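Chains as they are written, first to last, in the numbering used here: chain D, 1 to 303; chain L, 1 to 335.
In case anyone wonders, no lab produced these hints; they're calculated from the structure.
Just so it is clear, the structure is predicted and the values come from calculations on it, not from any experiment.
Built from N, CA and C at the ideal position, the CB exists for glycine as well.
Treat the hints with caution; some may be incorrect.
As the list claims (entries may be wrong) - These stretches of chain L come out as covered by chain D in the derived footprint (C-beta under 8 Å, 3 or more residues):
{"id": "1", "region": "11-22"}
{"id": "2", "region": "163-174"}
{"id": "3", "region": "265-277"}
To be verified - Below, in silico cross-link-like pairs of lysine to any residue (SDA-like), each with a Cα-Cα straight-line distance of 25 Å or less:
{"id": "4", "chain 1": "L", "residue 1": "Lys-283", "chain 2": "D", "residue 2": "Gln-265"}
{"id": "5", "chain 1": "D", "residue 1": "Lys-25", "chain 2": "L", "residue 2": "Ser-173"}
{"id": "6", "chain 1": "D", "residue 1": "Lys-25", "chain 2": "L", "residue 2": "Val-152"}
{"id": "7", "chain 1": "L", "residue 1": "Lys-283", "chain 2": "D", "residue 2": "Gln-266"}
{"id": "8", "chain 1": "L", "residue 1": "Lys-283", "chain 2": "L", "residue 2": "Leu-313"}
{"id": "9", "chain 1": "D", "residue 1": "Lys-119", "chain 2": "L", "residue 2": "Thr-15"}
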Amino acid sequence: MTELSNPVPSKPPRSQWLDVWDQFKSHRGALMGGALFLFIVLAVYLGPYLWDLEATKIDIRARNQGPTWAHPFGTDQLGRDMLARMMAGGATSVSVGLTAMLLALFLGSFIGVLAGFFKRLDGPLMRLTDLFLALPLLPLLLVMMLLFREPLNATFGPEQGIFILIVASIGVTSWMPTARIVRGDVLALKEREFVMAARSIGTTNSGLITRHILPNVLSPIMVSATLGIATAIITESSLSFLGLGFPPDFPTWGRLLFDATDYLQQYPERVFWPGMAISLTVLSVNYLGDGLRDALDPRIRGR
Amino acid sequence: MLTFTIRRLILAVPTLLFISLVIFLLLELAPGDPMAQVPLTVPAEVKEKMRLALGLGEPMHIRFWKWLVQFFWIEPQVLIDNIFGTGLADGKLRVISWQTRSPVMDIVVQRMPQTLWVVGTAYAVAILIALPIGIYSAYRQYSWFDQLGTFVSMVGFSVPPFFSGVLVIVIFSVQLGWFPSIYDTTHVVDSWDSFVYQLKQMIMPVMVLALQITAQLSRFMRASMLDNLNQDYVRTARAKGLSEYVVVMVHVLRNSMIPVVTVIALGIPAIFGGAIITEQVFKVNGIGQLLIGAIQANDLPMVQTLTFIFAVLIVLFNLIADVLYGILDPRIRYD
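My request is simple: use the sequences and hints to build the entire structure.
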């Protein structure tokens, strides 16, 4: 037997996440996207503490102002500060995006793991996924908004109710891609030796799934999480833009854009801010997802 | 191949039935009342009769069955009547809109051309732009053209149509005044000038829709070309001394088009759905606006029929994509 050339490794073992970070750093677009997304999230959640004008305070004398030091983004037709409204709207839009993504991710991973792991459930669950994919989503979302707005408003109050409604309907209609990807990965993982080894020492099914399967399908789940935020934000804004989302006095980016289109001729810049915020958020999240996909793929990593 | 197509067609029937049931049950929960706009002076028993005349007041399963019969049996007969001048559907009850009290399908047929024109042109333009971009970015991978293409398609993914639409209105119609911001559907093309006007009013909606489609298609074309460019048969073709043009544009392109063609087929129903927003921005009087109007007016038969038409489009084009894949790629055998 030959002697090991270096019996004691000189460096301590690197954690997997350090490697992922190294690969992620080399993708410049992803790094910038991540930084921008972090900035937007911080700005919409912490911004209101620094900028103490209220989003709903009406100051009719200062209406329709251009950018000044007192109102950097100007004011709207009721004299409400646009910067404060942008931050309040962003907080709603980003919250909707994050919660809807979490819901879709949970549903998608749950169904994907069940379908991939238990052969009996595979057929029915995948048929269900196919059926959901064949549903016309935007029309159905609009219909759901129409139907459940009143009862939910009555139970949870107008803002809470519509928030739950939008998050639930986006989550329920966007879990399918995640489920398909996760199922495919679980099917391949199930046949691997380490799963067989774990099973041979008597690991239960739930133990197998939580300890061996789930950590290994984490990377596709994380990638679809980032893309899920992007689609959820766009969907919420489209609903608000069509007038079927949040109520008028409750700003979101889509709603602000919708309100601003009425003043398109006189104040075109008012359309620009919310639209730019939506686009930049989605763009940064997309770049983030792109970088994560590369960083989490061990075949690309280290090249 | 034929048996596969027939099997898929038969499988599509329960799918569509299920979807129509889901839509029907969803709408069953609707709080709206079609009698809400009838004046209060109308006595209650007359209202009840009007309700019955609209087909309400019967149990749920009977109304679902009636809607199925109307949609799948009577409407095709009306279509045949209109084409051949026969009288198959005379006196039969059709799906009636609560808004206008006229058959839903007649309104849909009126609105269809506007949507088809805008969406169809946008799709054609997008394919014409996306394919060359995809081919060239793959051929010169990581060149500045490829990087630019990646960035532009990322932007195309990220900018939602209700922002890009409003943005082009601000630039081209408010600031520059080149194009009209509202799409005039009553415009008739009968002379050169009216043709130019039609072109002008179509440019902006087509541009907005095409940007989105181009972004997706060009990425897909690029990935598909990259898969094929490193294959052994490409090296063989080069070794035989074929010119670079023939290698790329004949050998590689034909093989790369196989998945792209199916993606193009799969994208068509999604475009109809996405056009809802674009139609709203440019006030195109099409299917999408009809749906939004019907939702706001609580016109349930119209909403049900339109949503179902969207579902039929999705199922149909999924089927077409699967069959196309089998026809185009000899390696795929479904049997």
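Next on the checklist: Between the alpha carbons of D/Lys-25 and L/Val-152, is the straight-line distance 25 Å or under?
Outcome noted: With Cα atoms ~22 Å apart, D/Lys-25 and L/Val-152 stay inside 25 Å; holds.
Item to check | Given hint L/Thr-15 paired with D/Lys-119 - CA-CA distance at most 25 Å | outcome: Holds, at about 22 Å.
Checklist entry - Can the restraint linking L/Lys-283 and D/Gln-265 be considered satisfied, given a maximum Cα separation of 25 Å? => result holds, 16 Å
Checklist entry - Given the hint that L/Lys-283 pairs with L/Leu-313, does the C-alpha gap stay at or below 25 Å? => result This hinted pair holds, its Cα atoms lying about 23 Å apart.
Item to check | Agreement of L/Lys-283 and D/Gln-266 with the hint, judged by alpha carbon distance not exceeding 25 Å | outcome: Holds. L/Lys-283 to D/Gln-266 sits at ~20 Å (cutoff 25 Å).
Checklist entry - Taking a Cβ-Cβ distance under 8 Å as contact, does the region 163-174 of chain L have three or more residues in contact with chain D? => result holds (count 6)
Item to check | Given coverage of the region 265-277 of chain L by chain D, checked by CB-CB distance under 8 Å (3 or more) | outcome: holds (count 5)
Checklist entry - Within 25 Å, alpha carbon to alpha carbon, are D/Lys-25 and L/Ser-173? => result violated, 43 Å
Checklist entry - Are 3 or more residues of the region 11-22 of chain L near chain D, judged by a Cβ distance of less than 8 Å? => result Coverage by chain D holds for the region 11-22 of chain L (4 residues, Cβ < 8 Å).
Of the hints listed earlier, the one the structure fails to meet is number 5.
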